[in-house]
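Q: Just so you know, the sequence shown maps onto residues -26 to -1, 1 to 56 in mature numbering (1 follows the signal peptide of the UniProt record, and there is no 0).
Careful: at least some of the hints might be erroneous.
Unchecked claim - Pairwise CB distance ranges (calculated):
(1) A54 with G16: 28 to 34 Å
(2) A46 with D7: 19 to 25 Å
(3) S4 with V48: 19 to 25 Å
(4) A3 with M43: 38 to 44 Å
(5) R50 with D2: 19 to 25 Å
(6) R50 with G16: 16 to 22 Å
(7) G10 with G30: 28 to 34 Å
(8) A11 with A55: 28 to 34 Å
(9) S53 with K15: 27 to 33 Å
(10) D29 with D7: 32 to 38 Å
(11) R50 with A12: 18 to 24 Å
(12) A55 with G16: 32 to 38 Å
(13) M43 with D2: 41 to 47 Å
Stated by the list, open to error - Computed list of lysine to aspartate or glutamate pairs in EDC-like fashion (alpha-carbon distance at most 20 Å, straight line):
(14) K56 with E31
(15) K15 with D49
(16) K56 with D29
(17) K56 with D2
(18) K15 with E35
(19) K56 with E35
If you are wondering where the hints come from, they were derived from the structure by calculation, not from laboratory data.
All residues carry an ideal CB built from backbone N, CA and C; glycine is no exception.
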Amino acid sequence: MTPLRRTLLLTTLASGLALGAPSVAAADASFHDSFGAAGAKGATMTVVRSHAGDDGEVTYEYVTYTASMHGATVDRTTSAAK
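Generate the whole structure from the sequences, applying the supplied hints.
A: Okay, structure coming up:
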């Protein structure tokens, strides 16, 4: 491969990466996970959700639901950045 051809090939690849990278970074990103358990003394379920939007908005939520013979509770942590 001649030096000129190699230079043109590398320039073309670099241009493609430079133009394609912002479109990958602009995509929404989300995470969702949950866990649940139940036994003779009660049950619990935890849900985690996070989302980063292409507009820069970021949200996070962590929720735990618990039920036992003493009652039920919900523990929630949320945050958001705009």
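Q: Quick one: which hint numbers does this structure break? Sort them smallest to largest.
A: 10, 18
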